[in-house]
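Student: Here is what each chain is made of, one letter per residue.
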Amino acid sequence: MPRAFTPKVVTANALLEGDVVYFTAQGTWTRALSEAELLSEETQAKERLAEAAKQQDQIVGAYLADMADGDAGPVPTHFREEFRRTGPSNYFHGKQAEA
Amino acid sequence: MYSYNEFDTAFLAERNAQFRSQVERRIDGSLTEDEFRPLRLMNGLYLQLHAYMLRVAIPYGTLRSEQMRMLATIAQKWDKGYGHFTTRQNIQYNWPKLPDVPDILDALGTVQMHALQTSGNTIRNVTADHFAGAAADEVADPRPVAELLRQWSTDHPEFQFMPRKFKIAVTGAEADRAVIRAHDIGIQIVERDGQIGYKVLVGGGLGRTPMIGKVINDFVPEPDLLPYCEAIVSTWNMLGRRDNKYKARIKITVHENGLESFRELTERRFAEVKPQFGGVDQKMLEEIRGMFAPPAFRNAPVDAFEAARDADPVFRAWADTNLSAHKHDGYAIVSISLKKHGETPGDATDEQMRAMADLAEQYGHDELRISHEQNVILPHVHKSDLPAVHAKLREHGLATANIGLVSDIIACPGMDYCALATARSIPVAQEIASRFEDLKLEHEIGPLKIKISGCINACGHHHVGHIGILGLDRAGVENYQITLGGDGTEDARVGDRTGPGFAFDEITGAIETIVKTYLAERDGPQETFLDAYKRLGVGPFKAALYPEKAESKANAA
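Going line by line, the protein sequences match chains A and B.
Position one of the first sequence corresponds to residue 1 (this note's numbering), numbered consecutively onward.
Position one of the second sequence corresponds to residue 1001 (this note's numbering), numbered consecutively onward.
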C-alpha cells in the first residue's frame, strides 16, 4: 500500500521583506497560514508548487511544507514551520508581533 | 588602527554600486533568484527563516567608536533596534529588507566597513585575539598580519572558486584566545632568537567532522608568511574535494592525504609562488603596522580604582571577573558582557552600542573589540577610569559580572533565525543562565565555558565547550546532545559525548546535574571544571545524567 500523503502548503519568503508567505487557492501569496491552500493530493501539490515557483518577482525559495488540517486552516506538523509562522522565541518580533 | 587608502575606498564603492544595480535588477525581475543568490551571498546577504540576514565583517574584531555608532544607526534605522555579534567577530542584522541593503552597505562604507566575503566559498573574515595589542602575554599585535591577510584574500583571483569556505585566525600570544586550532589556517606569532616568525597550523575545524589543527610549520619567517598561506590555500584548492560538500574543507584534505604529504605539496607550491611576491607585501605590512601603533598610554595613579574596589562590592565583583591584565602598567582590558542573565547571547541594542562607543571614545583610546565569545572589549582603559566606566555600563544593562563563568554562554542563532538550524539555541542559553543565576552558584562554580550550537555545523563551537550542547531534530522533536571536556585554547580538545540527548525541557536540568556533580567531586574550588573532568573522566557525569542506566548495569552485575 502506498504511504499516506501528508497534506502540504506551498510556502516561501517574500522577495522584498523576506517575510514568510503561503500560496493561496487563488494563486496569490498571503502572510497568514490560515489562508493558505491545503494540498491533500501529491500530484496537485507538485503542480501548485511549480506554479508558485514561477512568481519569481514576488517570492524566494518556494517549497512544500507538511501541514495538518486544523479547524482554522492548515497547522504545522513540525516545529520548524511552527517557528516560521510565529517568529523567534527570544523577542516578540516577526509574525507574532504583526498579527 | 587601519584606515582605508584610496584603493580600498574606490574598490568598496565600486562593489557597492555593482550590488545596488544587482538588487535593482532582481526587484525589477531581470534576475532570477538562482542568478541573484550568489551575488547577494558575495555581499553577506542571506535569506533566513523569517527574513533576510546581513552579516557584516568586523575584521579581526576591531572597531573605532564611529564604526560602532554606525552599527547602532543601522540597527535603529533599518533593523529592529539590535544586532547580533557572532563567534567569528561579525555582526548580523536579522531583519533587513532587500531594497534597503544597498543603502546599508553604503552607510557601512562611510566608516570603512563592509559585508564582503562573509559568505560563500571564499576566505572569510580574518579573526584575531580580541585582546590584540593590549594583552600582557603577547609577543606581537596579530592585527597587522590579519589586515595583510584580509587585503590579500579580498577578491584574490585564484581563490574565487574554492571547494568550500576558508577561515583564518591569528593570535600573538601562546594563550590561544582566538581558537586558532579550530580554523582552516591558524597562525601564532612566535619569537625565535630575536626574530619574529609564525607558527602555522592547518586543517582545524569544527562542524560535522571536528578536527584540531596540526602544525604544518613551526616557524615561517616573517617575509614568507603570505606566500606560505597562499601555498596552503593553493594546494588545498587543487586537492580539495569538490565531489562532496562534507569532505571539501581543508581538514578533510589534510586528513585524507596526510600532513606529511600536504606539507610537501605546500612547500613545493611555496617555492613557485614565493618569487612572485617580490617584497611588496612586506612594504605593505610595514605601512599597516604603522597604523596599529599603540595609543599614547598615560601614567597616572590608580588609587581611585583601589578605593572603589574596597568600597563597592558590586564593582569589586565586576572588576574581579571582567578585567584582564594589560601590558601597560595602570591599564586594564575590560570585557563587557553581552550575556546578561536571561538575555540573548551576543545581542546589543542600538542604545547599548552607542553607550559602548561613547565609553571607548571617552575612556578607551577610541577602540573596541568583538570577541568570538560574543562579548565586547574595551582593550585600553586606565584603571582610574574603571569606576566611571562601570557606572555607565550599569546604566545600560552592560555590567554583568560573568566573563568566563557558567552564564557567559556562546550560542548560535539556532532555529529562532537560522535556516540551517535543526533546533533552537538561544532559549537554551537563556534558561541555563537564568537557572544558575537563581541558584546563586555562578561564582562558586568558577571558570566554565558552555557553548551551544543549533545544528551540526557548530557555529556555537560546542565541540570545544567545557560543556558543549548540540541541538538536533530527532523525529520532529528538538533534542540536545551533550559533550564534556572540550577546550578551544592552546590545549585544544574535542569534547566527549555523554550519551543520549535530552529534550528541550530537560536540557537545563541535565546541565545543572553535570555542574552539581562537578561541585561534589572536585578537589576544591581551585580545581576548575575542566581540570576535574580531565581527572575524573566522563564516568561520574554519565552516572549522574543517566541513573537508570547505571542502575540496570548494577543489577546485571
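Treat the hints with caution; some may be incorrect.
Claimed, not checked - Taking lysine to aspartate or glutamate pairs in the DMTMM-like style, the calculated list, with each CA pair at most 25 Å apart, reads:
no. : chain 1 : residue 1 : chain 2 : residue 2
1   : B       : Lys1077   : A       : Glu17
2   : A       : Lys46     : B       : Glu1033
3   : B       : Lys1077   : A       : Glu98
4   : B       : Lys1097   : A       : Glu98
5   : A       : Lys95     : B       : Glu1158
6   : A       : Lys54     : B       : Asp1193
7   : A       : Lys54     : B       : Glu1343
8   : B       : Lys1274   : B       : Glu1343
9   : A       : Lys54     : B       : Glu1272
10  : B       : Lys1283   : B       : Asp1473
11  : A       : Lys54     : B       : Glu1033
12  : A       : Lys95     : B       : Glu1343
13  : B       : Lys1097   : A       : Glu35
14  : A       : Lys54     : B       : Asp1496
15  : B       : Lys1097   : A       : Glu81
16  : A       : Lys95     : B       : Asp1100
17  : A       : Lys95     : B       : Glu1033
18  : A       : Lys95     : B       : Asp1193
19  : A       : Lys46     : B       : Glu1035
What the hints assert, rightly or not - If we take Cβ atoms under 8 Å as the criterion, some of the chain A residues that face chain B in the derived model are:
no. : residue
20  : Arg3
21  : Gly18
22  : Arg31
23  : Gly61
24  : Asp71
Since the hints were derived computationally from the structure, they do not count as laboratory data.
In this text, a Cβ means the ideal position worked out from N, Cα and C, and glycines have one as well.
Student: Now look at each hint and say whether the structure bears it out.
Tutor: We went through each hint and held it up to the structure:
1. Only pairs whose Cα atoms come within 25 Å are accepted, and Lys1077(B) paired with Glu17(A) is accepted, the gap being roughly 15 Å.
2. Among the hinted pairs, Lys46(A) with Glu1033(B) is consistent with the structure: their alpha-carbon atoms are about 20 Å apart, no more than 25 Å.
3. Using a Cα cut-off of 25 Å, the hinted pair Lys1077(B) and Glu98(A) holds, with the two alpha carbons roughly 19 Å apart.
4. Between Lys1097(B) and Glu98(A) the CA atoms are separated by roughly 16 Å; this keeps the pair inside 25 Å, and the hint holds.
5. Under the criterion of a C-alpha separation no larger than 25 Å, the hint pairing Lys95(A) with Glu1158(B) is inconsistent with the structure, at around 44 Å.
6. Restraint check: the Cα-Cα separation between Lys54(A) and Asp1193(B) comes to about 66 Å, which exceeds 25 Å; the hinted pair is violated.
7. Under the criterion of a C-alpha separation no larger than 25 Å, the hint pairing Lys54(A) with Glu1343(B) is inconsistent with the structure, at around 41 Å.
8. For the proposed pair Lys1274(B) and Glu1343(B), the alpha carbon gap of about 49 Å is over 25 Å, so the pair is violated.
9. Under the criterion of a C-alpha separation no larger than 25 Å, the hint pairing Lys54(A) with Glu1272(B) is inconsistent with the structure, at around 50 Å.
10. With a C-alpha separation of about 52 Å, the suggested pairing of Lys1283(B) with Asp1473(B) is violated against the 25 Å cut-off.
11. Between Lys54(A) and Glu1033(B) the CA atoms are separated by roughly 11 Å; this keeps the pair inside 25 Å, and the hint holds.
12. In summary, the hint linking Lys95(A) to Glu1343(B) is supported, as the alpha carbons are separated by about 21 Å, within the 25 Å threshold.
13. For a cut-off of 25 Å, the pair hint linking Lys1097(B) to Glu35(A) stands: about 24 Å separates their Cα positions.
14. This hinted pair does not check out: Lys54(A) and Asp1496(B) have alpha carbons roughly 48 Å apart, beyond 25 Å.
15. The suggested pairing of Lys1097(B) with Glu81(A) holds, with an alpha-carbon distance near 21 Å, which does not exceed 25 Å.
16. A threshold of 25 Å between alpha carbons decides the hint, and for Lys95(A) with Asp1100(B) the separation of about 20 Å falls inside it, so the pair holds.
17. Taking the CA atoms of Lys95(A) and Glu1033(B), the gap is near 24 Å; set against the 25 Å cutoff, the hint holds.
18. A threshold of 25 Å between alpha carbons decides the hint, and for Lys95(A) with Asp1193(B) the separation of about 62 Å lies outside it, so the pair is violated.
19. Using a Cα cut-off of 25 Å, the hinted pair Lys46(A) and Glu1035(B) holds, with the two alpha carbons roughly 23 Å apart.
20. At its closest, the beta carbon of Arg3(A) sits 16 Å from a beta carbon of chain B; the interface hint therefore is violated under the 8 Å criterion.
21. Satisfaction of the interface hint for Gly18(A) is found here, the shortest Cβ-Cβ separation to chain B being roughly 4 Å, below the 8 Å cut-off.
22. Proximity of Arg31(A) to chain B is violated relative to the hint, the smallest CB-CB distance being about 11 Å (cut-off 8 Å).
23. Against a cut-off of 8 Å between C-beta atoms, the interface hint on Gly61(A) holds, since the closest Cβ of chain B lies about 7 Å away.
24. Taken as an interface hint, Asp71(A) does not check out: its beta carbon lies about 22 Å from the nearest beta carbon of chain B, beyond 8 Å.
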